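Undergrad: Here the protein sequences line up with chains B and X, keeping their order.
By the count of my numbering, the first sequence reaches residue 148 at its end, each step adding exactly one.
By the count of my numbering, the second sequence reaches residue 368 at its end, each step adding exactly one.
Hints are computed from structural coordinates only; laboratory data are not their basis.
One thing to keep in mind: the hints can contain errors.
[Unchecked claim] Here are the simulated DSS-like cross-link-like pairs (lysine-lysine), alpha carbons at most 30 angstroms apart as the crow flies:
| id | chain 1 | residue 1 | chain 2 | residue 2 |
| --- | --- | --- | --- | --- |
| 1 | X | K233 | X | K264 |
| 2 | X | K239 | X | K264 |
| 3 | X | K242 | X | K264 |
| 4 | X | K264 | B | K63 |
| 5 | X | K308 | X | K264 |
| 6 | X | K233 | B | K63 |
[As the list claims (entries may be wrong)] Quick list of simulated restraints, FRET-style, between CB atoms:
| id | chain 1 | residue 1 | chain 2 | residue 2 | range |
| --- | --- | --- | --- | --- | --- |
| 7 | B | S80 | X | S245 | 46 to 54 angstroms |
| 8 | B | V83 | X | K242 | 46 to 54 angstroms |
| 9 | X | S245 | B | G71 | 34 to 42 angstroms |
Bear in mind that the values here come from a model prediction, so they are computed numbers and not experimental data.
C-beta: ideal position from N, C-alpha, C; glycine also.
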Amino acid sequence: MKPDSEDFTQLRRLLALKRHEQPPPGYFDRFSGEVLARIRAGDTGDAVEDAWFARFWALIEAKPVFAGAFGAALCVLLISGIVNTDEPDAVAAPLMSEHVTTAAPMPEQPVILVADQMTGPDLTTNPVESLEALFDLSPSVQPVLFGR
Amino acid sequence: MIMTDPATGKPPRNAETPPEVPDTKPPAEAKQPAEEELVQRARRGDLRAYDELVQRYQQRIYATVYHMTANHEDANDLAQEAFIKAYQALKTFKGGSSFYTWVYRIAVNKTINFLKQRRNRPQMSLNDLDLNAEHDPDLVALISEKTPRREVNLTELQEKLNEAMMRLSEPHRLVVTLHDVQGLSHEEIAKIMDCNIGTVRSRLFYARQQLQAYLSDYLK
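Looking at chain X on its own, in the form it has when it is part of the complex (with noise of 0.2 angstroms):
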């Protein structure tokens, strides 16, 4: 049976390797039209073409949103919104950055200000995992002899994984979400938080210390 990780498509790797960083643009593909084409297009009105836009991106997006929120209903609401809003925002769009990073900007915000308002009354709604995640090397080896709590299971690590997360705050949760979950670059971080690299690296370096403080139990 091949495994395969579901963010990706390609077989899961292991923790000592780099993450992968999605690509920023589409590949260069005869029959796909380039980001600009479908930008432009968008602007003049063509639907069609902004729901190619929504199609490549909405995976990503949608991601990024819930892992912030740990809530799916949320993430449906305001993945669903950042699109909108960009929408009607497209002539606004200069084209300084890529679509897919002005479109993260956009969610990212949102999330942001939903979540301040929201902020003493979270609520999880979690997605359940998928059939992957039992063969998953990484987690394997986590839930093994060497760790601590041995009966855990994986239902139970992700509740005690995003209870974690959602005591982060939300800068903190967001670079673990864009570099530790879906293996954004550094320089693709900043570039979406509008912060400096170096700002970037010491608030993964802080909320990595803070969530292993919070999971202990569960690590090694």
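If we strip away everything but chain B, and leave its shape as in the complex, we get (with noise of 0.2 angstroms):
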């Protein structure tokens, strides 16, 4: 590295300028005025950009990783909304198999469908409902015996 040299004489001569720049007249004379009022008020000096949100956003602008992280996790929120809102068909699912399972019925006694008790909730959710429905021997019914 270079030490300081004449290299920036120019550069410095023209940095010279900003001396010269001036706040409009009597500034300096109302400043400290305007600083005690706004303490005497309550002011904490915490303007918009000290803010929560607006920290937050610069944190998140400053390191894109947790801009990254961040969007992350509002996905992994999102898809597990998604699932927990489908979980009661899940649910849904062990129960039929079982019921299936346990009233399977026996090679002896033949299953009759019968096609008028399988009207009714069809659309319901409640599974126990529809095999009730669906295996309901109702006394009107003669099952059929085959010979043996």
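Take each chain as given, in its own frame, and dock them per the hints.
TA: As structure tokens, then:
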């Protein structure tokens, strides 16, 4: 690294221009009074840019890793929300399979599916009701006995 | 006619003399209370003591923030908020550094946070140049027959200089502001920026290189 040298002489001359930039006349005569007035009014010196969301946004902008992590967390939340709303169907499935297994008819007892009795709550989400309707053997139905 | 540097009240210096380092503490005059006494009184709620502190450092704090933002309105808001926040945080000021350095640090952090949020919409609102600018030997030497752009005037130079400054990153702009514009030493800048002196020097060198490239049309 080169030490401070004459290479920057012209630049430093130009930068001297900045010292001549002055605020409007009387500005500093009022400055401290305005500061104290705001302190007396209860101002804490935290403007909008210090609000929590502004700090959070500044963190996201400063570190893309946090932005990615935040986005991934949102996606996980969204997917888990979708999965959880689908869970009643998944819970119902084992019940249905279990019911079918235990209610499986013996070979000697033919299963009669009666169309009349298959009406009813077809659209119900309660599998038990539909299964009862499915395997309900009303007295009016005579099972067919196959000859031996 | 006596020309004076508006920043220091003294005759302007040329570029060969090192920048003047302002006192970090006010002169020990009999009539002016010491900074420590004012801080202690302000801690106990004495707003007149805090008013004295604000008046001592308002010009330097405002100037730093203004040179960083190139916007008078933003500089006004940020400088005021820095002093207000410093007052609210006086109880946490442990006295390890001078009050001046501490407030400087608050103002710088506030300004950098503000600039990061405003990154995509910079707006310059430049202060006017005072009457002494036309007689500053540094500037007279610059706008001479040796300058490539001879027809340039001070207002245009001011605009181009500020545009170039705003192209620097905040840390590089800050170190140029504190050293080359306000005359702080490397040590003082290291305390304000909370980094080591080597970092200050390297940032300063890089920033000057960048500025020289941006402003090549206006420099010899």
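Undergrad: For every hint, state whether the structure bears it out.
TA: Structure-based check of all given hints:
| no. | hint | verdict |
| --- | --- | --- |
| 1 | X/K233 x X/K264 | holds, 19 angstroms |
| 2 | X/K239 x X/K264 | holds, 28 angstroms |
| 3 | X/K242 x X/K264 | holds, 29 angstroms |
| 4 | X/K264 x B/K63 | holds, 12 angstroms |
| 5 | X/K308 x X/K264 | holds, 22 angstroms |
| 6 | X/K233 x B/K63 | holds, 26 angstroms |
| 7 | B/S80 x X/S245: 46 to 54 angstroms | holds, 49 angstroms |
| 8 | B/V83 x X/K242: 46 to 54 angstroms | holds, 52 angstroms |
| 9 | X/S245 x B/G71: 34 to 42 angstroms | holds, 40 angstroms |
Of the hints listed earlier, there is not a single one the structure fails to meet.
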